[in-house]
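Colleague: Chain by chain, the residues:
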Amino acid sequence: MDYFEPKTINEALALLAKHGAEAKVIAGGTDVMVDIKYKEEPGCLINIKKIPGLGAIQENGAGLRIGPLVTLRELETNKLVRDKLPVLWEASHQFASLQIRNTATIGGNICRASPSGETLTPLLVLDAKAKIAFTDGEKTEPFASFFQGPGKSSVGSKGLLTEITVPYPAAGSKSVYLKHAVRGAMDIAMVGVAVLITPDAAKNSLQDVRIGLGAVAPTPLRATKTEALLRGKPLTAALLKEAAAMAASESSPISDQRSSAEYRRWIVEALTRRGLEQTWKAATGKEVA
Amino acid sequence: MSITINTTINGKTVSASAEASTSLLEFLRDTLEFKGTKLCCNTGECGACTVIYNGKPINSCVTLAADANGAEITTIEGLADGDKLHPVQQAFIDTGAVQCGYCTPGYIMSVKALLDRTKKPTQTDIEEAVSGNICRCTGYAKIVDAIQLAAEKL
Numbered sequence: 001m002d003y004f005e006p007k008t009i010n011e012a013l014a015l016l017a018k019h020g021a022e023a024k025v026i027a028g029g030t031d032v033m034v035d036i037k038y039k040e041e042p043g044c045l046i047n048i049k050k051i052p053g054l055g056a057i058q059e060n061g062a063g064l065r066i067g068p069l070v071t072l073r074e075l076e077t078n079k080l081v082r083d084k085l086p087v088l089w090e091a092s093h094q095f096a097s098l099q100i101r102n103t104a105t106i107g108g109n110i111c112r113a114s115p116s117g118e119t120l121t122p123l124l125v126l127d128a129k130a131k132i133a134f135t136d137g138e139k140t141e142p143f144a145s146f147f148q149g150p151g152k153s154s155v156g157s158k159g160l161l162t163e164i165t166v167p168y169p170a171a172g173s174k175s176v177y178l179k180h181a182v183r184g185a186m187d188i189a190m191v192g193v194a195v196l197i198t199p200d201a202a203k204n205s206l207q208d209v210r211i212g213l214g215a216v217a218p219t220p221l222r223a224t225k226t227e228a229l230l231r232g233k234p235l236t237a238a239l240l241k242e243a244a245a246m247a248a249s250e251s252s253p254i255s256d257q258r259s260s261a262e263y264r265r266w267i268v269e270a271l272t273r274r275g276l277e278q279t280w281k282a283a284t285g286k287e288v289a
Numbered sequence: 290m291s292i293t294i295n296t297t298i299n300g301k302t303v304s305a306s307a308e309a310s311t312s313l314l315e316f317l318r319d320t321l322e323f324k325g326t327k328l329c330c331n332t333g334e335c336g337a338c339t340v341i342y343n344g345k346p347i348n349s350c351v352t353l354a355a356d357a358n359g360a361e362i363t364t365i366e367g368l369a370d371g372d373k374l375h376p377v378q379q380a381f382i383d384t385g386a387v388q389c390g391y392c393t394p395g396y397i398m399s400v401k402a403l404l405d406r407t408k409k410p411t412q413t414d415i416e417e418a419v420s421g422n423i424c425r426c427t428g429y430a431k432i433v434d435a436i437q438l439a440a441e442k443l
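Here the protein sequences come in this chain order: G and R. Going by this note's numbering, the first residue of the first sequence is number 1, and it counts up by one from there. Going by this note's numbering, the first residue of the second sequence is number 290, and it counts up by one from there.
In short, the hints are calculated from the structure, not lab data. Since we're looking at a predicted model, the values are computed, not measured. Positions of the beta carbon are idealized from the N, C-alpha and C atoms, including for glycine. Be aware that a few hints might be false.
Under the rule of at most 16 Å between Cα atoms (straight-line distance), these lysine to aspartate or glutamate pairs were calculated in the EDC-like manner [said to hold, decoys possible]:
hint: 1; chain 1: G; residue 1: Lys37; chain 2: R; residue 2: Asp434
hint: 2; chain 1: G; residue 1: Lys50; chain 2: G; residue 2: Glu40
hint: 3; chain 1: G; residue 1: Lys37; chain 2: R; residue 2: Glu315
hint: 4; chain 1: G; residue 1: Lys37; chain 2: R; residue 2: Glu334
Derived list of chain R stretches under chain G, where covered just means 3 residues or more per stretch with a C-beta under 8 Å from a C-beta of chain G [claimed, not checked]:
hint: 5; stretch: 302-310
hint: 6; stretch: 360-372
hint: 7; stretch: 418-426
The following residues of chain R were derived to be distant from chain G, with all beta-carbon distances above 12 Å [to be verified]:
hint: 8; residue: Ile298
hint: 9; residue: Asn299
hint: 10; residue: Glu322
hint: 11; residue: Asn343
hint: 12; residue: Lys345
hint: 13; residue: Ser349
hint: 14; residue: His375
hint: 15; residue: Pro376
hint: 16; residue: Gly385
hint: 17; residue: Lys408
hint: 18; residue: Gln412
hint: 19; residue: Ala430
hint: 20; residue: Val433
hint: 21; residue: Ala440
hint: 22; residue: Glu441
hint: 23; residue: Leu443
Build the full structure now, drawing on both the sequences and the hints.
Modeller: Dropping the structure here:
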């Protein structure tokens, strides 16, 4: 196995262009090392941790710019993330063990493109974007269209994720990340649901609603039909019930060792209902009537 | 492809070669003969291979040995001062927090890192600090006792 430690983004891109599909990018290594041992050793490993400038969290106008090499622990302990993007903080706090959080990077979690990736539904509901470098230029892609299938994303085999931009949610917004797992943070989610709502000025209706579903389809996804159903309306008990059932119908889970597809759909319904209820109450001070 | 790794382990500089795909755990155990760090799940789930890397507890089994280059690493062998055990090690003995002992080095490294960053850990701090360490013998209660005793002694 060849091994490289590029010092610049361009150097990394040239290596990716040269070695193509047999090259594997490694940062924290918490996924890649397991693949090397239990699946297949790549022909070439490109360790991007020596590239300067990819490991910072910076405030940029009304949002944060997060470097792909930021570890989950750095995300979890960053005050701006905790105060301004609590839904991302919640996901990073429920992300495996301290040992893993000290090593695993947000870029790795994103590029792994696992349907259950803990940070992915929060990034979806935050309307975050990925900046990806290629040899012929850079492109910015919203996470809404970034994920293409398990392990597949717009980064492909030739690109490098260089930045994650996350706008702050509108004033008055409330959000929550709910993870359903048997063993808490240590477990891979059976279902993960992120909800972010913005009430109107009078706090009577849902001006904006975003619902992200994880581990229940080939990619993490936004429940766009459910969002459309809710937008502009007050959250009544009848609407809540209808919305939760619709979110479940927008999911397309598989059965595996963690749970059956049927159970996952029930959990999507339950967590969507719980997430909407909680955020509605937090944002408006009212119970769902 | 073989690479040279220059690192500091338990305060001593070390230079050795290893295959590029080697994990830090394999490098410690097989190349440098630090056998105190244990191989168990080898997937980053059980914590038996925990070492302190630049002040932070990590799973050495899912860390690239190449990332040890220029880093400071503490293993279980680095804790005792001659024959005098580190207070965390002594606390595990005094409270009987050890049965088969295989997970113990990993636990002790997680606890050492916890007490390096917090002098007075809360129950939540303790639970979080060792949530990535699995023990199949003790039932955990005595381990928590050991951590509380170590915190009092330090």
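Colleague: Now look at each hint and say whether the structure bears it out.
Modeller: Against the structure, the hints:
| no. | hint | verdict |
| --- | --- | --- |
| 1 | G:Lys37 x R:Asp434 | violated (36 Å) |
| 2 | G:Lys50 x G:Glu40 | violated (24 Å) |
| 3 | G:Lys37 x R:Glu315 | holds (11 Å) |
| 4 | G:Lys37 x R:Glu334 | holds (14 Å) |
| 5 | 302-310 | holds (count 3) |
| 6 | 360-372 | violated (count 0) |
| 7 | 418-426 | holds (count 4) |
| 8 | Ile298 | holds (18 Å) |
| 9 | Asn299 | holds (19 Å) |
| 10 | Glu322 | holds (21 Å) |
| 11 | Asn343 | violated (9 Å) |
| 12 | Lys345 | violated (4 Å) |
| 13 | Ser349 | violated (9 Å) |
| 14 | His375 | holds (19 Å) |
| 15 | Pro376 | holds (21 Å) |
| 16 | Gly385 | holds (25 Å) |
| 17 | Lys408 | holds (18 Å) |
| 18 | Gln412 | holds (15 Å) |
| 19 | Ala430 | holds (18 Å) |
| 20 | Val433 | holds (16 Å) |
| 21 | Ala440 | holds (17 Å) |
| 22 | Glu441 | holds (22 Å) |
| 23 | Leu443 | holds (19 Å) |
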